[in-house]
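These protein sequence lines are chains A and B, in that order.
Mapping to this note's numbering: the first sequence position 33 is 15, numbers consecutive.
Mapping to this note's numbering: the second sequence position 243 is 239, numbers consecutive.
Hints were generated in silico from the structure; no laboratory data involved.
Mixed in with the good hints, there may be bad ones.
Chain B is faced by these chain A residues, among others (derived, beta-carbon under 8 Å) [to be verified]:
1. Leu93
2. Phe115
3. Asp139
4. Arg169
5. Thr170
Where is the CB? At the ideal position from N, CA and C, for every residue including glycine.
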Amino acid sequence: MAILEVRDLTVRFGETLVLDSVSFDVHEGEIFVVLGPSGCGKTTLMRAMLGLVEQTTGSVRYEGVDILTATDREKERLLARLGVLFQSGALLRSMTLGENVALPLHESTRLARESIQDVARLKLSMVGLDRSFDTMPAQLSGGMQKRGGLARAMALDPQILFFDEPSAGLDPLTSVELDEMICGLNRTLGTTMIVVTHELHSIYTIAQRAIMLDGGEKGIIAEGRPEELRDRSDDPRVRAFFRRERLDEARGSAGGG
Amino acid sequence: MAETRANADGTESILTVERGEGETRVLRLQGRIAFENLDRLSRETEREIERIDPSSSVALDLERTEASDSAPVILVLRIRRWCKAREIPIAEERLDRATRTLLTLASDDPIAGRFAPPPPAAGSVATIGEFVLEWFREALNIVGFIGRVVLSLLWSLRRPWSVRWEQVFLLTKRAGTDALPIVVLLSALVGLVTAFSAAVQLREFGANIYIANLTGIGMTRELGPLLAAILVVGRSGSAFAAEIGTMKIADEIDALEVMRIPPLEYLVMPRILAVMLSLPLLTLFADTAGIAGGMLIAITDLDLTTGAFLRQLDKAIGLWDVFSGVLKAFFFGILIAGVGCYHGMSTGGGALGVGRSTTASVVHGIFLLIVADSIFVVVFHYLGLGGMS
Ligand SMILES: Nc1ncnc2c1ncn2[C@@H]1O[C@H](COP(=O)(O)OP(=O)(O)OP(=O)(O)O)[C@@H](O)[C@H]1O
Ligand SMILES: [Mg+2]
């Protein structure tokens, strides 16, 4: 069942068209990966799906409710079910890491203060940051800030989690642990995940379905399971991406084979 | 002993404690456990555990719970803590799959941190002492920083083409020209108000004409430079701290450094030059506006003519009075820009840090301004330059 339906999503920044009439579905409980070269509009797609981009047309329906046309009340209720990790982590710099993770719990639940603390500590321990509860974001490394943002996104155990490049800037080991956590959350709580990533390794580990965007096309050039995309696609751009080849080599091998 | 309750929050969950084999107590939770009922369930569970005899052991059974968030995990972590605190061994833990998986994703005792003792607070005397020391250290740092900048300024003036003059002009416009209206308005008002307050006393002694001495000397020597400087602290010193501070926290200063562009020369020097040049000029405008304000009172309130006021003013103030004010303004300029840039360069700690630096630049700026002014007064006095003519 589709938990999220995107139809004819078109995004502009001023005169520049970034996404042109993009349509796809995300099914309930799946890990859905968005791929594509740098600058092709992955972050923009994610922000548009959250109703954060001004010049957006089309529709983004979460179980029927279109976030682009929803009233403020509807939108608020919708956003309470979503968790978002931004590409930069986007921790609020004026509070400690622990307070950052506790913030959505304070805002959206009526839990007692100690319970909020415990949940925040639990989430931070899941990303390996339980020691940094009282640290200010500026004193954390880039990867730690990213993981902190992840803990905050998971604070409310949302139904749908958006991750913008969760493993960028992380070492391979942490990155593998992160993938395990993503899969674990998906299996246990049935959380639907929409993940933007470049890491081939993560893609194979976590992705159940993927779409690939392209800057030239301003839209989706391939859709399917990652293995299918790797083995069956005859688009040279897709082949080049999955085989880590240069585009001209991929074109050559496609022509030869 | 069993406890079953329909919940006020509409979610169904059941907590039971049963006698198991031997001395085991089975703590069983069934139904939905979620953030909505976590607090209530925690209270009830804690109460049950307190009732269990420490010589027995506990078997935990959460197999028939429904989890939609991490509330059951928190509950299990808490039960472990409570049992440990009462030295009741947990013989067995039967958990549903979701809770078990979530627990493996977390560390051993993630909520331990909440129970860690806070770091000991320093006594109040020590705190005050530290605060004062910190202040002096900071003031010394600022003076050192300004010294360094002035040295490199002198050095680069030997190669004037190396200074970014177009930047200096731009900043001079922002620090000087743009500040002109507010400086003129404020000085005129202060001139007006001081003259007005003095007028009452002067009239008493029939010394009306000395209003010219009062406003003339007061404005040129003290109020003109100080007023202009205080406004520039608020307008430019704080802006410098915020601009450079924002660059600092975004690693832009480090980026300049590794591109072999010294930030001191690239960012700080043009700012110091700009304020150093524009503050003396602003001071002249402040002097004039303040005296004009005084003159207005002299004419309207003290029945003096314009001519009489100006003739007395000419007798009262000499070139040195005006020049000493301008000279002070020149040094104030270096001080203000220096303090602003220093706080910008020493910013750390994110957006909060930028705010702190901006505040500190204003507070330190005005503080050092007054200190410097006092030093000037004393020095001029002992050099025989401070006497009233
Ligand atoms: N706020 C904005 N204003 C104008 N153009 C923008 C804005 N944000 C993004 N763009 C443009 O939209 C395009 C897509 O950007 P986007 O950030 O979505 O790329 P991306 O696929 O996430 O890249 P990366 O993998 O590097 O993060 C880029 O060409 C970018 O210049
Ligand atoms: Mg991006």
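Review point. Hint numbers the structure violates, sorted upward?
Key: No numbers; nothing is violated.
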